[in-house]
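These protein sequence lines are chains A and B, in that order. 128 is the number of the first residue of the first sequence in my numbering; add one for each residue after it. 2 is the number of the first residue of the second sequence in my numbering; add one for each residue after it.
Honestly, I wouldn't trust all of these hints.
The calculated label-pair distances, taken between Cβ atoms and stated as ranges, are [what the hints assert, rightly or not]:
1. F753/A x I84/B: 17 to 25 Å
2. Y55/B x A728/A: 53 to 61 Å
3. V757/A x Y55/B: 51 to 59 Å
4. L319/A x M103/B: 53 to 61 Å
5. F753/A x T15/B: 15 to 23 Å
6. A728/A x L56/B: 43 to 51 Å
7. M103/B x A728/A: 24 to 32 Å
DSS-like mimics (lysine-lysine), calculated; alpha carbons at most 25 Å apart, straight line [unchecked claim]:
8. K701/A x K305/A
9. K305/A x K195/A
10. K689/A x K671/A
11. K104/B x K733/A
12. K195/A x K245/A
13. K739/A x K60/B
Note that these hints are calculated values from the structure, not bench results. For every residue, glycine included, the Cβ atom is placed at its ideal position computed from N, Cα and C.
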Amino acid sequence: MSTYLYIALIPLLPLVSFLLLGLFGRKYFRSSAGALGTMALAASTIISFAAAYQYFFIDGKADGIYQKIVPFSVSWLPFSESLSIDMGVLLDPISIMMLVVVSFVSLMVHIFSLGYMKGEERFSTYYSFLSLFTFSMLGLVLSSNIFQIYMFWELVGVSSFLLIGFYFDKPTAVAAAKKAFIVTRFADFGFLVGILILSYYSNTLDFPTLIEKLSDPGSEASLAISSAGFLGISAFTWALALVFMGGAGKSAMFPLHIWLPDAMEGPTPVSALIHAATMVVAGVYLVARLFPVFSTNDTALTLISYTGVISALIAAIIACTQTDIKRVLAYSTMSQIGYMMFALGLNPESGDNNLGYMASMFHLFTHAFFKSLLFLGAGAIIHFVHSNDMRDMGGLRKWMPLTHATFLIACLAIAGIPPFAGFFSKEEILLAAYDSNMIIYFIALITGALTAFYMFRLYFSIFWNKDSTHTADHGEGPLSMKVPLVILAIFTLVAGLLPFSEYITANGAPIETHINLGFSIAPVLLAITGTILAGWLYKTPGDKPAKLAAALGGLYRAAYHKFYIDEIYLFITKKVLFNLVGKPAAWFDRNIVDGTMNGMAAVTAKISWLTKGIQNGRVQSYALWFFGGVAALSVLFIYLWK
Amino acid sequence: MSSIPLTHILFVSTALFFIGMYGLFTRRNMITMLMSVELILNSVNINFVAFNKYLYPDKLDGIFFSLFIITIAAAEAAVAIAIIINLYRSHHSIDVEDATEMKY
């Protein structure tokens, strides 16, 4: 076994860059901040690729499967003999895959930002935040125990908060950052409780040990956690549901998705990094990390798959009606993550090495490339048009040929048209769904058609439709913005062709997959139908979309208002919680708690007002009091103290 | 030599003590107050000497005590007068009623 110590460099390089830029950036690295951050990350990326090469091709399989390796683990907070919190590195196929994806996409975003954020006043701050985020995300991916992952999880949340609120002079950005932080924090509370339950029963925080103890239904820990219960549901199910709640918050699953569309207030490259490829898939990664544990509990799996598929469908419907291009992409991200989630929840009788897991990871992998490509393309478009609204765009294919080509590739990929990346991964997910649950399969098919529709609605509205009215005052963008688009487009073209199931599966052993032509007909036909419909409606300007919206009536309005989910939240928090809990609590605080304290203060003040006359500044009166006191004590001691 | 009874001497010292006390409380002039304090100290000296003489004639402790008190009274007078002079410089008065700023 060769050494993997150098893995530690991967997260540490961005950390160093964060510290340098964060502490000295504005003074010494005002112009070179971007170069510094990008260099650090480029080194990390190269090391990640090297590690992946070593893991998959040099060390390879042992006993026919890819092993879980913990190259090092340092005891950090030893609480007792059996319970200590470690800091370590865990290598297995998915953490290696995530390393590559995160560092690579982050590198692309760093390069893109060189052009996009040029001239920004807080340029070095921006890069220090990006480095912090990348560090946290890489740390999260490599975590070897569940508490470590929780800490990086929170770090990711903080850096996401900082990046969403980067334009802190814009009230909407501040509100969005706050919303994202509070919603995910609320979900993380569930995660923490879940961690505590799991570790209480398994007596460990370590991932390999935890999985070993809890994935075997006959083991002592499993029996204990399954027999304990609360409200008629076993502690095991509760723990897994709570852990999933944390994942659902980060991954913007219904009904905790409300922060994701608003988070688009941040700079666009940030959306590409955080809200497309890395942080939002942390929830999927978490479930995948604990997959052997989840797969022993059918209730939790059902919860995951239905949450996923409902999120996928709702987000796809909402995406069809939005006009802000970044919001469309945000809802599409939510929809695609829904796909990954429900694929994880599918558990056909194929044992512990099931297709759903592989398909989910495959989709995560391909999605990272085409979705960050879409976001970066959107960034380039916004950079050019200075607007987020697709109604301000149109005919841009003449002005931005390169962005047009790469955006089209990404749209084809996400719509699932062969031979682009999305087709292969989506196909595996649908196949897994077909094998286990027909309801989910049909919802997923419909969602696939909707995906094609809303992506091409976006594509045609931006690049075709009415002719652009604006004058070209500058070109498509600097080279630093074009290069990442091209590289990501190439990855989008080839990522689907990788023999993914050879390398990344639930238990590390390869599984056989093949493209089944007969099976592919339905999804591809639906995707093409969606595309053609979008083309018919949006390729040329006209009143067809408005007529269709009017014909759909209530459904359109509901979708346009995002199914009033934000309003429901506001109703619950503002009306119900504020009136029933907040106001009585505030009354109690103001009148009882504060009242007691104010009363004590008032009594003290009254007494001191009454007695302050004694201290009048006259020496003789002090002497008189003193003498009086001595005389009284004398009387006391001489006559009364017998 | 017919000795004077102890009570007579104690009567004198008590009278001296209360005269001093009265002066300390009623006089506004600080020099007079200082003199009143000296009276109190001297009444104590008389007590020490008298008790020494009448109760323990073969010892000298009481007399030494009064010697110490006289020394300390001299030092105290020097300090007090220094304070009074400084007060006079800042207030242009040695009336104790004029120096009542240090209050609530």
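Against the structure, the hints:
1. Between F753/A and I84/B the beta carbons are some 18 Å apart, a value that agrees with the proposed interval 17 to 25 Å.
2. A beta carbon spacing of about 60 Å between Y55/B and A728/A agrees with the range 53 to 61 Å that was offered as a hint.
3. Distance hint check: the CB atoms of V757/A and Y55/B are about 25 Å apart, inconsistent with the given range 51 to 59 Å.
4. Roughly 58 Å separates the CB atoms of L319/A and M103/B, a value that falls within the hinted 53 to 61 Å.
5. With their beta carbons about 19 Å apart, F753/A and T15/B fall inside the hinted range of 15 to 23 Å.
6. Range check, A728/A to L56/B: about 57 Å between beta-carbon atoms, so the 43 to 51 Å window is missed.
7. In this structure the supplied range 24 to 32 Å holds for M103/B paired with A728/A, their Cβ-Cβ distance being about 26 Å.
8. In summary, the hint linking K701/A to K305/A is supported, as the alpha carbons are separated by about 16 Å, within the 25 Å threshold.
9. A threshold of 25 Å between alpha carbons decides the hint, and for K305/A with K195/A the separation of about 38 Å lies outside it, so the pair is violated.
10. Among the hinted pairs, K689/A with K671/A is consistent with the structure: their alpha-carbon atoms are about 22 Å apart, no more than 25 Å.
11. Restraint check: the Cα-Cα separation between K104/B and K733/A comes to about 18 Å, which is no more than 25 Å; the hinted pair holds.
12. With a C-alpha separation of about 43 Å, the suggested pair K195/A and K245/A falls outside the 25 Å cut-off, and the hint is violated.
13. A threshold of 25 Å between alpha carbons decides the hint, and for K739/A with K60/B the separation of about 50 Å lies outside it, so the pair is violated.
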